[in-house]
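Student: Sequence:
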Amino acid sequence: MFKDWQRKRAVKKIKPGDGRALRPFHWWQWMSRGLFYLTLRSPEGAAHIYAVDVSYWDYLLGEAKAHLFLDGKHHAVSKLPAAFPVPGGHIDVRMAAYGLKRCHFVAEDGSQQQLRADPQSAEGHRAHLDITHPVFSRWLGIASMVVLVAALLLGIPQLVEMVTSWDVVAQYTGTWVSPVQLPDWLNGALIFGALAASIERALRLRYNWLLDGGDLDIDF
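In this text, residue positions in the sequence shown follow this note's numbering: the first is 4, and each later residue adds one.
Bear in mind the hints are in silico, worked out from the structure with no lab data behind them. Even for Gly, the Cβ is constructed at its ideal location relative to N, Cα and C. Each hint should be verified, as a subset may be incorrect.
Pairs of lysine-lysine, BS3-like flavour, derived with a Cα cap of 30 Å [claimed, not checked]: (1) Lys82 to Lys18; (2) Lys16 to Lys68; (3) Lys68 to Lys82; (4) Lys76 to Lys16; (5) Lys76 to Lys18; (6) Lys68 to Lys18; (7) Lys15 to Lys82; (8) Lys16 to Lys82; (9) Lys15 to Lys76.
Ranges between beta-carbon positions, derived for each pair [claimed, not checked]: (10) Leu156 to Thr176: 20 to 28 Å; (11) Gly22 to Met165: 25 to 33 Å; (12) Val152 to Pro46: 45 to 53 Å; (13) Val14 to Val166: 34 to 42 Å; (14) Met148 to Ser45: 15 to 23 Å; (15) Gly91 to Asp170: 54 to 62 Å; (16) Trp179 to Leu132: 40 to 48 Å; (17) Ala192 to Thr42: 38 to 46 Å; (18) Met165 to Glu111: 30 to 38 Å; (19) Pro27 to Ile145: 46 to 54 Å.
Build out the structure end to end from the sequences listed, making use of the hints.
Tutor: As structure tokens, then:
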């Protein structure tokens with residue numbers, strides 16, 4: 004029920020497109036742009052290609068929008084999170100802290116299908132790695148998960164110690180000394196590793212609210 008309410012809210016934000024042509028993906032956009040495709044058939048049986056284009060730079064600047072193209076022409080635009088109605092269902096587009104967490108076709112029967120990334124995009128290269136080197140890809144995904152879990156387990160006690168050291172907090176809770184005391188270089192390595200792991204997961208559109216940060220596209 005809540006998801007239906009969210010989808011209806013998202014549909015209301017959709018505005019018609021201006022008909023401009025879809026710009027090709029260039030290699031220098033691999034970390035600043037997401038481009039995904041979906042082929043669907045109309046009720047008459049004709050095949051149509053839908054494309055979802057998202058600028059990550061615009062998202063960082065507070066202009067969170069997804070653009071929908073139909074057969075290469077600008078068809079619609081919506082603020083994120085977006086839910087574009089298409090034949091047989093809708094396309095759900097959502098962002099997280101490090102990139103897209105969802106770009107899926109949700110059919111009327113509830114089944115879901117992730118859109119295919121442009122081969123030149125960062126997501127496309129990650130998907131290609133999964134096809135050409137599936138074992139390495141699987142272990143890379145496992146490594147990302149392990150790094151994030153380790154960063155979470157080691158970081159929370161240190162964060163609690165830091166917060167309880169503040170006078171405004173300590174006067175009510177007292178101070179707490181973390182049993183985990185890591186050198187600065189190791190904390191720095193954990194932060195860098197967690198950042199890399201989060202980006203790797205975002206390239207596969209994997210998301211967990213605890214591991215990958217808060218939900219940045221809540222629709223009020």
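Student: None of the hints should be skipped; say for each whether it holds.
Tutor: Evaluation of the provided hints:
1. A distance of roughly 9 Å separates the Cα atoms of Lys82 and Lys18; the hinted pair therefore holds under the 30 Å criterion.
2. The hinted pair formed by Lys16 and Lys68 meets the criterion: a straight-line CA distance of about 10 Å does not exceed 30 Å.
3. Among the hinted pairs, Lys68 with Lys82 is consistent with the structure: their alpha-carbon atoms are about 4 Å apart, no more than 30 Å.
4. Restraint check for Lys76 and Lys16: the C-alpha separation of about 20 Å stays at or below 30 Å, so the hint holds.
5. Distance restraint check for Lys76 and Lys18: the Cα-Cα separation of roughly 14 Å lies within the 30 Å cut-off, and the hinted pair is therefore satisfied.
6. Taking the CA atoms of Lys68 and Lys18, the gap is near 11 Å; set against the 30 Å cutoff, the hint holds.
7. Restraint check for Lys15 and Lys82: the C-alpha separation of about 10 Å stays at or below 30 Å, so the hint holds.
8. Between the alpha carbons of Lys16 and Lys82 the distance comes to roughly 6 Å, so the proposed pair stays at or under 30 Å and holds.
9. Distance check on the hinted pair: Lys15 and Lys76 sit about 21 Å apart at the alpha-carbon level, within 30 Å; holds.
10. Taking 20 to 28 Å as the suggested C-beta distance range, the pair Leu156 and Thr176 conforms, at roughly 21 Å.
11. Here the CB-CB span from Gly22 to Met165 is close to 53 Å, at odds with the stated 25 to 33 Å.
12. Checking the proposed 45 to 53 Å range against Val152 and Pro46 shows it holds: the Cβ atoms sit about 47 Å from each other.
13. For the hinted restraint 34 to 42 Å between Val14 and Val166, the CB-CB distance of approximately 41 Å keeps it satisfied.
14. In this structure, Met148 and Ser45 break the distance hint of 15 to 23 Å, their C-beta atoms being roughly 40 Å apart.
15. Our hint of 54 to 62 Å for Gly91 and Asp170 holds, since their Cβ atoms are close to 59 Å apart.
16. Against the hinted window of 40 to 48 Å, the Cβ-Cβ separation of Trp179 and Leu132 comes to about 43 Å, which satisfies the hint.
17. A hinted range of 38 to 46 Å holds for the C-beta pair Ala192 and Thr42, which are about 43 Å apart.
18. Remark: the range hint 30 to 38 Å for Met165 to Glu111 is contradicted by a beta-carbon distance near 49 Å.
19. Judged by the Cβ atoms, the range 46 to 54 Å given for Pro27 and Ile145 is violated: they are separated by roughly 35 Å.
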